[in-house]
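Number of protein chains: 4
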Amino acid sequence: MSDHYSPVVEHLADPETAREEGRRKMDWALQHMPILSELRESFLADRPLEGEVIAMAMHVEAKTANLVELLADGGAEVAITGCNPLSTHDDVSAALNAHENITSYAVRGVDDEAYYDAMHAVVAHDPTITVDDGMDMVKLVHEEYPELIDSIVGGAEETTTGVHRLRAMDADGELRYPVFAVNDTPMKRLFDNVHGTGESSLATIAMTTNLSFAGKNVVVGGYGYCGKGVAKKAAGQNANVIVTEVEPRRALEAHMEGYDVLPMDEAAAEGDVFITTTGNRDVITKEHFEVMKDGVLLANAGHFDVEVNLEDLDELAVDRFEAREGVEAYEMPDGRELNVIAEGRLVNLAAPIALGHPVEVMDQSFGIQAVCVRELVENGDDYEAGVHDVPDDLDREVAEIKLAAEGVEYDSLSAEQREYMDSWEHGT
Amino acid sequence: MSDHYSPVVEHLADPETAREEGRRKMDWALQHMPILSELRESFLADRPLEGEVIAMAMHVEAKTANLVELLADGGAEVAITGCNPLSTHDDVSAALNAHENITSYAVRGVDDEAYYDAMHAVVAHDPTITVDDGMDMVKLVHEEYPELIDSIVGGAEETTTGVHRLRAMDADGELRYPVFAVNDTPMKRLFDNVHGTGESSLATIAMTTNLSFAGKNVVVGGYGYCGKGVAKKAAGQNANVIVTEVEPRRALEAHMEGYDVLPMDEAAAEGDVFITTTGNRDVITKEHFEVMKDGVLLANAGHFDVEVNLEDLDELAVDRFEAREGVEAYEMPDGRELNVIAEGRLVNLAAPIALGHPVEVMDQSFGIQAVCVRELVENGDDYEAGVHDVPDDLDREVAEIKLAAEGVEYDSLSAEQREYMDSWEHGT
Amino acid sequence: MSDHYSPVVEHLADPETAREEGRRKMDWALQHMPILSELRESFLADRPLEGEVIAMAMHVEAKTANLVELLADGGAEVAITGCNPLSTHDDVSAALNAHENITSYAVRGVDDEAYYDAMHAVVAHDPTITVDDGMDMVKLVHEEYPELIDSIVGGAEETTTGVHRLRAMDADGELRYPVFAVNDTPMKRLFDNVHGTGESSLATIAMTTNLSFAGKNVVVGGYGYCGKGVAKKAAGQNANVIVTEVEPRRALEAHMEGYDVLPMDEAAAEGDVFITTTGNRDVITKEHFEVMKDGVLLANAGHFDVEVNLEDLDELAVDRFEAREGVEAYEMPDGRELNVIAEGRLVNLAAPIALGHPVEVMDQSFGIQAVCVRELVENGDDYEAGVHDVPDDLDREVAEIKLAAEGVEYDSLSAEQREYMDSWEHGT
Amino acid sequence: MSDHYSPVVEHLADPETAREEGRRKMDWALQHMPILSELRESFLADRPLEGEVIAMAMHVEAKTANLVELLADGGAEVAITGCNPLSTHDDVSAALNAHENITSYAVRGVDDEAYYDAMHAVVAHDPTITVDDGMDMVKLVHEEYPELIDSIVGGAEETTTGVHRLRAMDADGELRYPVFAVNDTPMKRLFDNVHGTGESSLATIAMTTNLSFAGKNVVVGGYGYCGKGVAKKAAGQNANVIVTEVEPRRALEAHMEGYDVLPMDEAAAEGDVFITTTGNRDVITKEHFEVMKDGVLLANAGHFDVEVNLEDLDELAVDRFEAREGVEAYEMPDGRELNVIAEGRLVNLAAPIALGHPVEVMDQSFGIQAVCVRELVENGDDYEAGVHDVPDDLDREVAEIKLAAEGVEYDSLSAEQREYMDSWEHGT
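Protein chains in written order, with this note's numbering: chain A, 18 to 445; chain B, 18 to 445; chain C, 18 to 445; chain D, 18 to 445.
To be clear, the hints were calculated from the coordinates, so they are not data collected in a lab.
One or more of the hints may lead you astray.
The list treats identical chains as one, so a pair stands whether inside a single copy or across any two.
[Stated by the list, open to error] Straight-line Cα separation of at most 20 Å, SDA-like style, residue types lysine to any residue; simulated pairs: (1) K310 with D277; (2) K310 with E354; (3) K303 with R435; (4) K303 with V313; (5) K310 with D44.
Using the sequences and the hints, build the whole thing.
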């Protein structure tokens, strides 16, 4: 048992019980994380991260905790805090602190000051690597601790939104160390965004509201990977899916898939359930609230709570009350009630019953994180400052581990086939 | 506020707060129950059930409570208790007791003695009508209160299993009043069983385990209406569905749908998740547990907790522990852990986070219940003792109410079309 | 080689080559008809139809021909003609005539007089059993050959429409021998109607037009079994499905499936492709043509060519021309062109490239026909005059044969399970 | 009417009737090609291709013909021949020759010598631009007419296979002018490959065989865009899809979609239908044929006829015969018959009833071709020799035209939203 400083332990009435509970949650997750399980064996054997200090700002819950522990088992000292004040599980935070190489500063529900204090405390460990879910750690280091940058070999970023903002920063010439865009790998996009966000968002909404999707008009704001997942899984529950988009090729793609594509101005009056996935702000605003049906559900599956404009909604409302745990009803002057789930925050993380992404998809995503961190240690000098795609062979390595763990066999190219693919001399 | 006896009120520390909470739950449900809302208006105006006494044994939660209140608003005196010791919401039970025509005896988690006492207390109201979810009330009256039968105009039964047992009783010549087989209506089977059981079982499993269905082998035991729903919704979440059946036409139907059809002896080794829906016992037994993969999930979506044979499982296990809230892990001698969800009871009702069927499908099902009760009062003499299908026009009436409430318009036959359908003289 | 009268042989330039070609078509079909293959072995061995005369009016093509030959191999004398002047394959008709127990009167494209002459010629064989696809043979016998009725043991009817008309006839007390409603079996409805009509109608339309369904609004007229099949398969090709219905429960079922449900008055302006499946007349009429988009496709998958009102369309049109083989374009005064496929006749039979239902589904359907005919011979006296459902054990027998042929294994009930299902004493 | 040399006119008995028939086919296609229709208006007005000579080797049928005519209407002189000896429609070839700016050398079914003569005849026009479907024209110019390269501004390539080979050529430093990889655009891959190949391959197989996909094991070789389309559409017809792959991420993607993933060695014994889409050779070979079921169907949806190894099959076979038009049966020593569709050539082009890709998807693909050719004329100097992705704005332009033509409206970013997306300063 480590004796390092541990704010969550200070905070908890019965830290020992919390640790056990946190550990039980981590064990459940690990049972369904074959990739991390496999990597742990090699990390424990090879200690590839020996001597590194990793600063993390991620959702502190059971699945992430297994990544944190894997990195620590690989030899690194890890300091972590949450990337969202409401997503921390204190028991998991406590369980992490029990590992001698890990300090978790995350405490659920802290105020802004404590939230940022924790960030600073993490950076005080003098990291050589940053791992982010929303680029908060990269931003803090660049803005307030530029002196650390020289000793940082690189970083890894988990989310679409974070990568988007990192690319903007990079385009401005202000990103001063290499960061792997974990979000942009085929593995991450297809499995985490499509399957993970899709399934968990819908299950969270269903279990928060006790409502069904069959026969409902489900308006999906945005048809990126998350939007595709939400749309596909909602259609798989027999919803009638309506997509809104701003990019014509994505709009066309949704149209060709058989979904209705409408501007939000029209979709607003049709929808029974609205789920935003754009990564942008003001997807649903005042003029939309004004035409919505009584009893609609409003939820956000994008990173920040700006997609559904709650200020507009609050301004329109004559009353608001908790209609159900996790559901705030806004009563309109004409008596309609619009129901906002999880305060418009990322629904599969912020709803009271939310559990985040499914374990298996985080296993894939975190498997890539782990091999990216290993790559930074082993070959960090090969990468210039800026956003980098995850090297193809790392992404492929993780897929191979997963398939082997699931017992899925597949073919390999014969020498003749490889030659055929490489040649261009062959005629018709 | 009524002053009638109310066991749940005795039982609760703060009955007033509970009543408010129960009422809030009922209001949420009613917002999404357009059929009951519509019927309530006519029931309040016409009081069609005036003078009747209705004995109910159903799951006492928010949705059912709106049916109970509708029947009371129609003029009946209603006495109710739970049909499952674990499905009662005490706050809803308390809220029901606030209605002057309603007495609820349901209290969550009571022991067997208290459970059956509550049944007897309900019957002590001298019912003229019974409404069941599993035929417990019909059974009790027939076995222990035969003297009441003469004054009972009839009953209504909600479930597949209950109807099945009533038909057996009827075949034995022992059913002594008419009972509507609400379960067997097209409305009930397609919407409640397929959509309701399907969606809520999967969402409950997902939110109890934090696992995903994508790429999983989901073994569905039984391909009746519930099984079809579970299979369809699981495939809609990108599961690889395996069906087991004993009836060749259903097996063939599943095969033609594109699912794998296997005997359970073979499916046992393939499955990642098992969901039983047969209404029968011993669907999964010792020889199946012996070949299952490590970490499988076992859940039941059929009425009783006999589908997964937990005695067999317990006998095999060297250890068992709560792996997660709502999940009991059974450790096999070879180290495999088999995870049983909600103790093998009806998963969408008995899991700790379970909410039962979605509100909208219960609205349809309870709408039929309500018009069936009305029919018994108005035309009960037309029905002989025995199980009766719900008259077609009642079922149709409820569909019409629902479509109108959803704003769905449809066509009607012209005189010429009606004539065409009726004629057989028309040649090629 | 038989020397009986054979109109198609008279008609053909090279009957021998035609016979070979017809036989090759029959062989291809038989390779994919495991049920008929299996039954043929037992029919040849047992000769259960010895001494019977079977009068048939069915589509004379390769699949039906294998049923005809099976009945003949079972010992019956079979006389057959077409049930649609355009669906006969002359080469198959010729190949059938080569069997000593079979006389086929079917010739493609004959005029009305020759068509009805062929019907009379079939009846002249003094049938003891009739097998129909549209009840033409039953009708002819009742109207013009009542003297034959006493020696007829019964009949079998293939189609929804035929059964509908037989039931009307039965209700009028005019059906004078027993007829099996083959169409109404679960096997027939689910496999033939849903899968057969669904897949073959869409493939025929695709290959007649070279158009795609992805992103198209496909309006399905009617949501019976055929409509469900067309809707499901169209959605499976990424069409946006719109359903029209006159029955509220079916309308609700389509709505809950996630389809748009609209009156045809509104659907008419939305659709890109219209497929009628109602079995009724005037599903699409003048007011609908007036609001349709330029370039729409109109097709019928119901039995008769009355669903799309072509008289109305012709009246509106300023010009019409063959836009493509199998497609007649009707030009509206405003320049829009509405494209009618296969003259509004049953599209999967009447289009120039049409092949009828897929072989495998006809195998199931004809398997039931064959065991129904066997049942009439063996137990015909048990059935009163009127329409009869196919006895459950026959339907089940065919499913068992099919599953065995496909190598699909399934479970059977244990004695304990059977007892459990039969008992009603079991408590909660 | 032009009087230029026209081999197909020489070849045809009645060229005038052929021209009319070809024109009718082109008109049908154009009615469903809104993108080309829209572009034609601007091309006729602006004549952007004036003075260019375009050499094309593509499938000469109605859809392509509308692209050819569009390019000619844009001012170019176009010379074309087929890229496959069997895909030419002589009537369309004749109709094209009627345009004064077009010379078509394509004649169906010519021998190798005539086929290559036609290629040379096209190059003899001294092209400034090449447009290929399989890089034959690029190859011919580079190998035999290097003197033309200096005056060629660039090319465009339609297919996956062609692009693959061009990239190999480029990597070898041997590609001497810029070529747009039309195949690699999102528009082309998603719509043409997924929807086009998927729907048309399955419809062609269904209508060639009269068989159904419901309940069949459909083995899809390769899970690239074409494979995804075939798998998705086959599942949408209720097939049980089995995927084979050599790339672990694609294999995992298919697995997570819910499909079975197997090595071909195992899939071979399971499949009822095999469809290869890999672009590689020897996907199905001797050891696979040896274990296949009796009656299986073998088809290829990849570019060349090397995916199913017919030499191996022929070697194993004791007999072969035409089982049905477009289907060659190979009889194995043990009596099994394996059915090869369309000689293992690209099934949706080479089967006797094949129509190629659906009109609408070719409209999208050819729309990109047209704007790429326009781009080469307008900005060809901006592109170095080598393979180039289609510039994003061209791809987007075509999507916008399509959405406008379909009447699909979508949203646009507000200034605030654009700013939000561009900024990285925003905190949590």
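Status of the hints after comparison with the structure:
no.: 1; hint: K310 with D277; in the structure: both (18 Å within a copy, 18 Å between copies)
no.: 2; hint: K310 with E354; in the structure: within (8 Å within a copy, 38 Å between copies)
no.: 3; hint: K303 with R435; in the structure: between (58 Å within a copy, 19 Å between copies)
no.: 4; hint: K303 with V313; in the structure: within (15 Å within a copy, 38 Å between copies)
no.: 5; hint: K310 with D44; in the structure: between (44 Å within a copy, 17 Å between copies)
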